[in-house]
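Visitor: Protein chains in written order, with this note's numbering: chain A, 432 to 856; chain B, 20 to 465.
Careful, some of the hints might be misleading.
[To be verified] With a cut-off of at most 27 Å between alpha-carbon atoms, the simulated DSS-like pairs for lysine-lysine come out as follows:
#	chain 1	residue 1	chain 2	residue 2
1	B	K120	A	K602
2	B	K399	B	K89
3	A	K683	B	K47
4	B	K110	A	K683
5	B	K461	A	K477
6	B	K407	B	K419
7	B	K399	B	K417
8	B	K119	A	K602
9	A	K680	B	K65
10	A	K602	B	K47
11	B	K89	B	K401
12	B	K110	B	K38
13	A	K680	B	K47
14	A	K602	B	K399
15	B	K65	A	K683
16	A	K602	B	K38
[What the hints assert, rightly or not] Distance windows between CB atoms, simulated:
#	chain 1	residue 1	chain 2	residue 2	range
17	A	K602	B	Y32	17 to 27 Å
18	B	N245	A	A543	21 to 31 Å
19	A	G684	B	V335	47 to 57 Å
20	B	K226	A	Q615	24 to 34 Å
21	A	A700	B	P462	45 to 55 Å
22	A	G545	B	E359	57 to 67 Å
23	A	K444	B	N245	20 to 30 Å
24	B	V335	A	R801	25 to 35 Å
25	A	A454	B	R199	15 to 25 Å
26	A	A774	B	R109	54 to 64 Å
27	B	N245	A	D634	38 to 48 Å
28	A	P825	B	E359	55 to 65 Å
Rather than coming from a laboratory, the hints here were simulated on the basis of the structure.
All values derive from a computational prediction rather than experimental measurement.
C-beta atoms are modelled at their ideal positions from N, C-alpha and C, and glycine is treated no differently.
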Amino acid sequence: MNDSSNWDWNPGKRLIAPIGAWAATYGWVEEPVMSADGEQVAAVVKSDEAAFAACVNGEIWEASFDRVWNLRFTADGRLTGLVNDGGMWTVAVDGQAWESTFEYAWDPRLPANGGPIACAAKNGSEYFAVLDGQPWETTFSNLSQLATSLDGKHSAAVVQTVDFSEGDIFKFQEGCYSVAVNGQVWKRNFMNAWDPIFAPKGDRLATTVRLTLLETTIAVDGEPWPGTYSAAWEAHFHPAGERVTAPVKTPKGWQLAEDGRILWERAYAQLWHQLYSPDARRLAAVVAPRFGRWTMAVDDQPWKTTFGDYVSDPVFSPDGKRLAAIACQDGRRTVVVDGTPWAESFDMVWPPVFSPDGRHVAARVKQDDRWRIVVDGRPLPEAYTTAWDPVFSPDGKYLLVRAVEGSGAEAVCQRLVRPLNDIRG
Amino acid sequence: MLDEPRNTQEQIYDSGIAKGAERLTPEKIQRVIQEMLAGEAGARLKTYVETCVHCGLCSEACHFYLSNDKDPRFSPAGKVKQTIAEMVRRKGVVSVDFMKKASEIASTECNLCKRCAMYCPFGIDVAFLMLFVRRICHKLGITPQYIQDTAHSHSATYNQMWVKDDEWIDSLQWQEDEAREEMPNLRIPLEKEGADFMYSVIGPEPKFRAQLIYQAAVIFNTAGLNWTMPATPGWDNSDMCMYTGDNDMMARIKKAHFETAMRLRVKKIVMGECGHAFRSIYDMGNRALGWRMPPVPTVHAIEFFYELLSTGKITVLRKYDKPVTIHDPCNVIRGRGLHEMLRYVAHAICEEVIEMHPNREHNFCCSAGGGVINCGPPWKMKRVNGNKVKAQQLFEAKSKGAVTCIAPCHNCHGGLEDIIHVNEIGMDLKFLGDIIYQVMEKPEQA
Numbered sequence: 432m433n434d435s436s437n438w439d440w441n442p443g444k445r446l447i448a449p450i451g452a453w454a455a456t457y458g459w460v461e462e463p464v465m466s467a468d469g470e471q472v473a474a475v476v477k478s479d480e481a482a483f484a485a486c487v488n489g490e491i492w493e494a495s496f497d498r499v500w501n502l503r504f505t506a507d508g509r510l511t512g513l514v515n516d517g518g519m520w521t522v523a524v525d526g527q528a529w530e531s532t533f534e535y536a537w538d539p540r541l542p543a544n545g546g547p548i549a550c551a552a553k554n555g556s557e558y559f560a561v562l563d564g565q566p567w568e569t570t571f572s573n574l575s576q577l578a579t580s581l582d583g584k585h586s587a588a589v590v591q592t593v594d595f596s597e598g599d600i601f602k603f604q605e606g607c608y609s610v611a612v613n614g615q616v617w618k619r620n621f622m623n624a625w626d627p628i629f630a631p632k633g634d635r636l637a638t639t640v641r642l643t644l645l646e647t648t649i650a651v652d653g654e655p656w657p658g659t660y661s662a663a664w665e666a667h668f669h670p671a672g673e674r675v676t677a678p679v680k681t682p683k684g685w686q687l688a689e690d691g692r693i694l695w696e697r698a699y700a701q702l703w704h705q706l707y708s709p710d711a712r713r714l715a716a717v718v719a720p721r722f723g724r725w726t727m728a729v730d731d732q733p734w735k736t737t738f739g740d741y742v743s744d745p746v747f748s749p750d751g752k753r754l755a756a757i758a759c760q761d762g763r764r765t766v767v768v769d770g771t772p773w774a775e776s777f778d779m780v781w782p783p784v785f786s787p788d789g790r791h792v793a794a795r796v797k798q799d800d801r802w803r804i805v806v807d808g809r810p811l812p813e814a815y816t817t818a819w820d821p822v823f824s825p826d827g828k829y830l831l832v833r834a835v836e837g838s839g840a841e842a843v844c845q846r847l848v849r850p851l852n853d854i855r856g
Numbered sequence: 020m021l022d023e024p025r026n027t028q029e030q031i032y033d034s035g036i037a038k039g040a041e042r043l044t045p046e047k048i049q050r051v052i053q054e055m056l057a058g059e060a061g062a063r064l065k066t067y068v069e070t071c072v073h074c075g076l077c078s079e080a081c082h083f084y085l086s087n088d089k090d091p092r093f094s095p096a097g098k099v100k101q102t103i104a105e106m107v108r109r110k111g112v113v114s115v116d117f118m119k120k121a122s123e124i125a126s127t128e129c130n131l132c133k134r135c136a137m138y139c140p141f142g143i144d145v146a147f148l149m150l151f152v153r154r155i156c157h158k159l160g161i162t163p164q165y166i167q168d169t170a171h172s173h174s175a176t177y178n179q180m181w182v183k184d185d186e187w188i189d190s191l192q193w194q195e196d197e198a199r200e201e202m203p204n205l206r207i208p209l210e211k212e213g214a215d216f217m218y219s220v221i222g223p224e225p226k227f228r229a230q231l232i233y234q235a236a237v238i239f240n241t242a243g244l245n246w247t248m249p250a251t252p253g254w255d256n257s258d259m260c261m262y263t264g265d266n267d268m269m270a271r272i273k274k275a276h277f278e279t280a281m282r283l284r285v286k287k288i289v290m291g292e293c294g295h296a297f298r299s300i301y302d303m304g305n306r307a308l309g310w311r312m313p314p315v316p317t318v319h320a321i322e323f324f325y326e327l328l329s330t331g332k333i334t335v336l337r338k339y340d341k342p343v344t345i346h347d348p349c350n351v352i353r354g355r356g357l358h359e360m361l362r363y364v365a366h367a368i369c370e371e372v373i374e375m376h377p378n379r380e381h382n383f384c385c386s387a388g389g390g391v392i393n394c395g396p397p398w399k400m401k402r403v404n405g406n407k408v409k410a411q412q413l414f415e416a417k418s419k420g421a422v423t424c425i426a427p428c429h430n431c432h433g434g435l436e437d438i439i440h441v442n443e444i445g446m447d448l449k450f451l452g453d454i455i456y457q458v459m460e461k462p463e464q465a
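This is chain B alone, in the form it adopts within the complex (with noise of 0.2 Å):
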């Protein structure tokens, strides 16, 4: 039965779907359902669910179902069937039961990667169908504590890690002043305004990965690029409202992104390397608040990179000698179409780079996108688990002499290191910043 929670896996707690359920009713659940159904929902997603002829291809495309022997509960249809196809078919008639699955099933075994919409006959988005789960869930205050609890720091803060106002400015100048032992005439331009980039970041860069910055800092000033960035909220570029479904706070915090840059008068937005802060700035969060694109033109660090190595702006002392491998992140590659000049930039800064496969627009997600990382550690192993796939082709790039996996974005970079971890790979990660940081000819050196 539908309603019955599915023991096929060890139950797991989650206080924000529990505790969250313990308020709802069969009532409440069929008011917001057929609110939605009635409201947001529109053709799209009649036709999606009526279109779907569980032909199967889908599932194929998906590595929970591919990591689950072949479970068809987690195949993309077998996802919708057990969701919002139910509450289609029942008109919002459902369980709370029903929906403290529905919404375990939405935020933690589907990333939302859309690899399963390009093997779709139909190209049905899967994506679309979950989110908008996760949008019922929001509305009935289900969603897993963890991301929960990021998507209330995005309110309070407007960045994802609830880092305080002079938190921010303070781990800039830290970075400004520990760069300056390298390159003694380094500069982070706080608030310049005129300037021709705005280098945005997500919130755990100040937090946890600090060298980032520090890393971007030296790559600007070699450069000898115009930028600056902002010293004031807004600085993340960051979303995981968008991955809650409360659509109303992320565009709130992207309209704070946009004008943040828009206040500087800078011609661009430069990204660090993180995959679903470009669908939000690329896709969903300026669409929602009625950009047609983003009102200030925004790339990520693939293309930036690409630019500036393909123009000279900055070279290559010598290159990376371990082998590395390339994890393709969805957000830039299904999403943007970045694979080749991810390639280029590869190539471009290490010695030998043996391809993953499937690879490109076929890659298999990390499994940590779409937020299913962000729901915690009570989905971990879950999620680990629920990737095997991922582990077999980076098993597979290693006996093929892969010392280095390189992947140009956060969450991928938290996924793959909990995989390699479980799955002893013996692996290391780097972002591509990384590696051109180390490559890359500094002016002491030219």
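Okay, chain A solo, but in the shape it has when bound (with noise of 0.2 Å):
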């Protein structure tokens, strides 16, 4: 993530935009994105009768596009945008659009780092990505599942790469499907191909493949797993990019495998969305321990409590030794750490965001149509008209609260600095 140590953290409330009052102004509005700083709250605008662009802090971008879409600051706080402009696509980088156009282009990629950005981009029948406006060199007739590694620098998709007729089944079945890394295709086709993803340096890459009808494994750089399942999950890398995890569908219900062996012996009833704590030493899922109840298994050890509805979005603390989930129950939803939910529900929950020492935990939540944030199980009195993740910074000491408050033409978007001991207390 993007260094956040030379961010103003001074405590108090500091003053974005009036962004209620841009609707003065430009008469079209749309929803408003904020840097992960607060430093920058951006919306596309109208800038004149048929012509549309980014207004940044009350600036607008000096270039106009037919459509604008996709506004979203990178970690590093570039603002990005789908445009296009006399019928071509590109992106727009802080305003500026990347030299190459396309006829087409869309699935931005932003990098965690400040790296390149990456989207899915085609040229009448030819399909390829592009990282900051440089294609691949080699095209093919469909792409899609666009990955790219943790700095940006590698992109990789599922490409087709035998031309078939629609109907022709079995020529669909002989695998008419890869993956492309970096534009260059693995040796072997697949019935299909999903989910490719990245080790952590980029230097390798597992996705979720289809021999047969009845037959799914994993490949790592294009070499599938001796064994087969009835089905399997996305896959993920260890820390340290050796080894790659799955859940597979064995006889027994689902069960996690590392390298083609079943690592859990434990079978579930479903098992999704493993993740290592930073440290590598604890593994975790979501899981469902039996039909319709949900929790998260850290080892192979089921959480005691379960929900109804779901368990999604799960993430340790910095240091391993916490982990926080969304859990839905009655169609209420609400955090929960280690086991124990939060004892307040609300309409809408986002990803948990653990404080760099693990021991606090903070999310924003919407109930009745109002934004909060909740820290430890807490709501802040603050309710606000939209409200992004709040961010603890680097020492622990404080929350940044990036909101909008008041509504229609006094909208007003703001940065706020918390001490976290006065929201304790």
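Could you fit the two chains together into a complex? Lean on the hints.
Guide: What follows is the structure, given as structure tokens:
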């Protein structure tokens, strides 16, 4: 993630932009997005009768486009959007469109650090990926499920390598798809390939593959595991990048496999979204110990508390000692930490965020169409028109709240730094 | 002999079945059936097969039976007897020809409409049994070609019509541009996290019926709702893998759909007017993944329109003035009980509603459902001729003055369109959204 130590952590509230007033200027203002550091707020606005641009902290991009959408900030504060001008698409970064344009461009992938921005694109019937405006040299008749490495420097996608007519089911079953990594396609074709994922260093790639209608497994760098299963979900690399785990469906139920061998002996009604703790010592996954009941399992030991609707978005604390997730029961959502749910539940909850020392958990929630920030289960008193995920300071002493207060013409976007001691007090 | 193909009708060639069967051996058939009987069948199948007393009460419930001169081989019990009951009795020792015929019966002579289950004194669910036969056929690789191709599309693109990722987004933006000619401030908000509703449709909408997306956008915008549509795979709520017996693929595509809604943090999924997709979302797909109910509350368009009209979020400027009749789609009527809501909506938007008989949960299937229409052109006339009772229903409604038939389901539209055309009934077909869009008060008219 981006280094937040140089952000403004002085306590207090600071106005970023009176975004409610933008409507009077531009007439057309779409939903705002805010940068991670809370210093910038942006929205798609109409720059004139038929042209669109992004407005950032009240300043509009110099360039305008026929269409702008998917406006998002990178972790290091660059504002990106998909833009169309004269029928051609590309990516604009801080108002500057890439020089290369395409008949269509979509699925932008933003790096966790300050690396390249990627997207999928096509010209005519040729599909490819693009990194910072540079297209792959190889093209394919279809491309989907774009993936990038953590540093953004490597890209991969599921690609169609063999043409077949619609209705040619036997040709399809011979295997017409593969994976291209940085434009270089694997040697072997598969019936299907899903969910490509890079190793942390970006030097390896794993994907779920279907070999026949009834046989699914995991392929790493193009080589399938020796065993097959009736189904398998997304693979995940060990932080060191050497081992690969994946949920697989065996005659017993869903189990976690590692490098083709069963790692977790317990079988579940469902198992997915496995993740390692940052120190790689613990491995957790969302599981259903029995039909219709959901929880987290850590190292194959499920929490005793289960939930009826779902459990999602698990995250380990930075020290790996604690685990939090969203839990939903009877349509009400909350955060569950180490098996204990917060007392209060909400209409909607966003993924929980740990403090650097792992002692505190915060999340943004929505209740009665108002956003709030909740810390360790206690909602802060303020309710907002919109809010983004809270951010803890690197020393864990402060919490950054990014939110829109007020509505209509009175709406203002602000960043608020609150001492954690005040919140807890 | 059950092992011999029936010759009561013209032999129909389907390469999915015929070529698939070339790879079969009796040993493979026996192994797969025995594995299925020992594994997935469970007590449910055994109970059903052993409980049936051949009373024949299910026969009169089946449109295939009634439309084929009451030939007992088309009765629900007859279809069971010719397929899974025989597989059980013979412990899987059946021939390749037997399996070819079993595939044909299960995939093209039963719409899985569950009407017969209502009339069975024991509640035997023949749809479950026919799906079990389809699952065996999937494992043997003898699924009809066209629906197998659709299942392949689901696996490769996460939608049923081979719509590529860019084509989907482009279609939405195209419809947004078109609709802005009518409503300049209209939006189809893509990827709007935290919206109240995610609107999801089936693959044919962007491919063939894009005007339905346009109309939905006008309805959402007029009602002033906070909504979004996804710009990623997972947008398609349909599911033909559910009907080919590819349960693992059914689970995969439903996971993509629900996780898209969960990623966008929407409160509710609103589905377009599709019946089978509702079955997948509300019953089979979610449960294949371990969710007792949909993890994100999901409503069919009938419920959504009912809510909008009953709360005044949309108002009717002038009711549709042609007399209409209602076709009740099996999956949302017998499957969910939305028949009274459907009538509330129909009466709210139309001057005159003329009921078809029988109706509501007793209504006859369109004969397209259950994946039968998805088995494609080879089976079209068998499907249409297998539903003369629906043609009769439509004729009767027309004789009472009905000019338009409302069918809030895509597959029903396809099936009824063929029935109306082949039988020269002369009746318009509409979705609820077609009429609501036409009669509602729009902002410039307010």
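Visitor: All hints are to be evaluated individually against the structure, with a verdict given for each.
Guide: Hint check:
1. B:K120 / A:K602: Roughly 24 Å between the alpha carbons, so the hint for K120 (chain B) and K602 (chain A) holds.
2. B:K399 / B:K89: 20 Å, holds
3. A:K683 / B:K47: 23 Å, holds
4. B:K110 / A:K683: 24 Å, holds
5. B:K461 / A:K477: 23 Å, holds
6. B:K407 / B:K419: 19 Å, holds
7. B:K399 / B:K417: Distance ~24 Å between K399 (chain B) and K417 (chain B) Cα, so the pair holds.
8. B:K119 / A:K602: The given pair, whose Cα atoms are some 21 Å apart, holds under the 27 Å limit.
9. A:K680 / B:K65: 25 Å, holds
10. A:K602 / B:K47: 22 Å, holds
11. B:K89 / B:K401: 15 Å, holds
12. B:K110 / B:K38: Given that 27 Å is the threshold and the Cα spacing comes to 25 Å, the pair holds.
13. A:K680 / B:K47: The given pair, whose Cα atoms are some 22 Å apart, holds under the 27 Å limit.
14. A:K602 / B:K399: 25 Å, holds
15. B:K65 / A:K683: 22 Å, holds
16. A:K602 / B:K38: Within the cut-off at roughly 12 Å; holds.
17. A:K602 / B:Y32: 17 to 27 Å: Taking Cβ atoms as reference, K602 (chain A) and Y32 (chain B) lie about 19 Å apart, which means the hint holds.
18. B:N245 / A:A543: 21 to 31 Å: 30 Å, holds
19. A:G684 / B:V335: 47 to 57 Å: At 52 Å between Cβs, range holds.
20. B:K226 / A:Q615: 24 to 34 Å: This hint holds: roughly 32 Å between Cβ atoms.
21. A:A700 / B:P462: 45 to 55 Å: Given about 48 Å between the Cβ atoms, the range holds.
22. A:G545 / B:E359: 57 to 67 Å: For G545 (chain A) and E359 (chain B) the Cβ distance comes to about 58 Å; the hint holds.
23. A:K444 / B:N245: 20 to 30 Å: Roughly 27 Å apart at Cβ, these two residues keep to the hinted range, so it holds.
24. B:V335 / A:R801: 25 to 35 Å: With Cβ atoms ~33 Å apart, the hint holds.
25. A:A454 / B:R199: 15 to 25 Å: 18 Å, holds
26. A:A774 / B:R109: 54 to 64 Å: 60 Å, holds
27. B:N245 / A:D634: 38 to 48 Å: About 43 Å separates the Cβ atoms of N245 (chain B) and D634 (chain A), which means 38 to 48 Å holds.
28. A:P825 / B:E359: 55 to 65 Å: Distance hint for P825 (chain A), E359 (chain B) holds at roughly 59 Å.
Checked against the numbered hints above, the structure violates none of them.
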